[in-house]
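Novice: Each chain, letter by letter, is given below.
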Amino acid sequence: MPQALRPVASASPPLWIDPMKTVAEFQANERADPSAWIVAIATKQCRESFALLFGRFAPRVKSYLLKLGAKPELAEELAQETLLAVWRKAAYFDPSRASASTWIFTIARNLRIDAIRRERHPDDLIDEPELLPAEETRPDDALSAGEREQKLRTALKTLPPDQAEVVRLSFFHDKAHAEISQNLGVPLGTVKSRLRLAMVRLRAQLEDLL
Amino acid sequence: MSRLRHHPTEVVLAGYASGALADGPSLTVSAHLDLCPACRSRVALFEQVGGALLADVEQVDMADDALARALAGIERPQPARRASTPVSKSIGGLALPSAVARREIGARRWVGPGIWVAPIKSNAADGWRTYLMRVPQGVAMPHHGHHGPEFTTVLQGAFVDDNSVFAAGDFGESGEGLEHAPSVHGDSACICLISGQGGIKTSGLMSLVKSFLRV
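Quick note, the sequences are listed as chains A and B, same order.
Just so we're aligned: 198 in the working numbering is position 198 of the first sequence, and the numbers increase by one with no gaps anywhere.
If you count the second sequence from 1, you need to add 1000 to reach the working numbering.
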């Protein structure tokens, strides 16, 4: 990794970032904890951390929005807006309460909802997300938000395939569950029960692991 | 507060957490969540699932100049935003849930003695009609059917439907084809937040509601 790309722990003045660096160059360091980058943005306006965060999340947010049916230009634009919102709202991020990816997921989701609303009501200037913020993890949780997310990612991979598919479709396809049931060729009641079973299982796994 | 008895299904909460649920139904879910810690925690788990899926989704290349644009963007002063100070609003003596209070609410329209409806501005283009409705104590709604799904959160008072009591905070979901005749329960008026799609099939009083709302 070139010297300039190392995560900087304690840069007091804002770092200058070479704007010619492409996103790919910042996608390195897959194992680093992105929460620390958001904290560095909040406390030190750290440009380097922002670039790392952008490299990690912008291509994923874009992918998520494309799966939800956004056109490529809109997906690109909303991914930009999402990461800019992360920069501006970084002070509100509490790593003990939410993982970086959950927090960024809720920002991207809310911006998408706002974009759809603006499309229908161009004069409507509401740009504050109206959904409730991500609920904090319970204070008695022994796991940190980051650890909890790691467990959840593992647990998601061990769901029975039919349950995993319903969970995935719930997030990555902009379809009512009635359509999901048509696509899967199973009754809506089956979709509902698979989703319920999946959530019971995920919750049980998270709690067993305490 | 008494314990809530009727909650959104996992499917509805997943739609809320993923952003797939339409605007009007999302408002009814928000109103329920205001009063229901258990469902807030279920939504939180769905949001964590969303975060975990985002972390593992395959990546799609951003434009070549994307990072340069973003780095320029963070140097610009923050655009002026409409203040997001909490809005408090009441209607008919009832303090509205925060998500509802932030919306533009139309004038109350008289439907019958003690009965009014007030439309909530929403995405008309998506086919959902969202409104507040007050029905006084002792009144039973005429028997009516639904052409499409409808979500209801009780904000004040209670109603009985099919021998089940729905009290403040409770969430009801009725599907296409449902026919019922809910009636107000207890000795105070009932105010509900309702979002429906497809309209109501009926005659009599409900057709007045229908004509006011064009549902």
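Honestly, the hints are just simulated from the structure, not real lab data.
Please note: incorrect hints may appear among the correct ones.
[As the list claims (entries may be wrong)] Derived lysine-lysine pairs resembling DSSO-like cross-links, with alpha carbons at most 30 Å apart:
| hint | chain 1 | residue 1 | chain 2 | residue 2 |
| --- | --- | --- | --- | --- |
| 1 | A | K192 | A | K89 |
| 2 | A | K89 | A | K44 |
| 3 | A | K89 | A | K151 |
| 4 | A | K157 | A | K192 |
| 5 | A | K67 | A | K151 |
| 6 | B | K1121 | B | K1089 |
| 7 | B | K1121 | B | K1201 |
| 8 | A | K44 | A | K157 |
| 9 | A | K71 | B | K1201 |
| 10 | B | K1201 | A | K89 |
| 11 | A | K192 | B | K1089 |
| 12 | B | K1121 | A | K44 |
| 13 | A | K67 | A | K89 |
| 14 | A | K67 | B | K1121 |
| 15 | A | K192 | A | K67 |
[As the list claims (entries may be wrong)] Some chain A residues flagged as far from chain B (calculated, every beta-carbon gap over 12 Å):
| hint | residue |
| --- | --- |
| 16 | A100 |
| 17 | T102 |
| 18 | D162 |
| 19 | Q182 |
The structure presented is a predicted model; accordingly, all values stated were derived computationally and were not measured.
Positions of the beta carbon are idealized from the N, C-alpha and C atoms, including for glycine.
Novice: For the pair supplied as a hint, B/K1121 and A/K44, is the alpha-carbon distance within the 30 Å limit?
Specialist: Judged against 30 Å, a Cα distance of about 41 Å means the pair is violated.
Novice: Given the proposed pairing of A/K67 with A/K151, does the C-alpha separation stay at or below 30 Å?
Specialist: holds, 24 Å
Novice: For the pair supplied as a hint, A/K89 and A/K151, confirm whether the alpha-carbon distance does not exceed 30 Å.
Specialist: holds, 27 Å
Novice: Determine whether the non-interface label on A/D162 survives the test: each CB of chain B must be over 12 Å from its CB.
Specialist: holds, 15 Å
Novice: Given the hinted pair A/K67 and A/K89, is their alpha-carbon gap at most 30 Å?
Specialist: holds, 26 Å
Novice: Given the proposed pairing of A/K67 with B/K1121, does the C-alpha separation stay at or below 30 Å?
Specialist: Holds, because 29 Å separates the two Cα atoms, which is no more than 30 Å.
Novice: Need the status of pair B/K1201, A/K89: alpha-carbon distance at most 30 Å?
Specialist: Roughly 47 Å separates the two Cα atoms, so the pair is violated.
Novice: Please verify whether A/K89 and A/K44 have alpha carbons no more than 30 Å apart.
Specialist: holds, 13 Å
Novice: Run the distance test for A/K192 versus A/K67: straight-line Cα separation, threshold 30 Å.
Specialist: Holds: A/K192 and A/K67 sit about 22 Å apart, inside 30 Å.
Novice: Evaluate the condition: distance from the CB of A/T102 to the nearest CB of chain B exceeds 12 Å.
Specialist: violated, 3 Å
Novice: A/K192 and B/K1089 were given as a pair; does the straight-line alpha-carbon distance stay at or below 30 Å?
Specialist: Not OK: A/K192 and B/K1089 at ~36 Å, beyond 30 Å, violated.
Novice: Quick one, are A/K192 and A/K89 close enough, alpha carbons at most 30 Å?
Specialist: violated, 35 Å
Of the numbered hints listed earlier, those contradicted by the structure are 1, 8, 9, 10, 11, 12, 16, 17.
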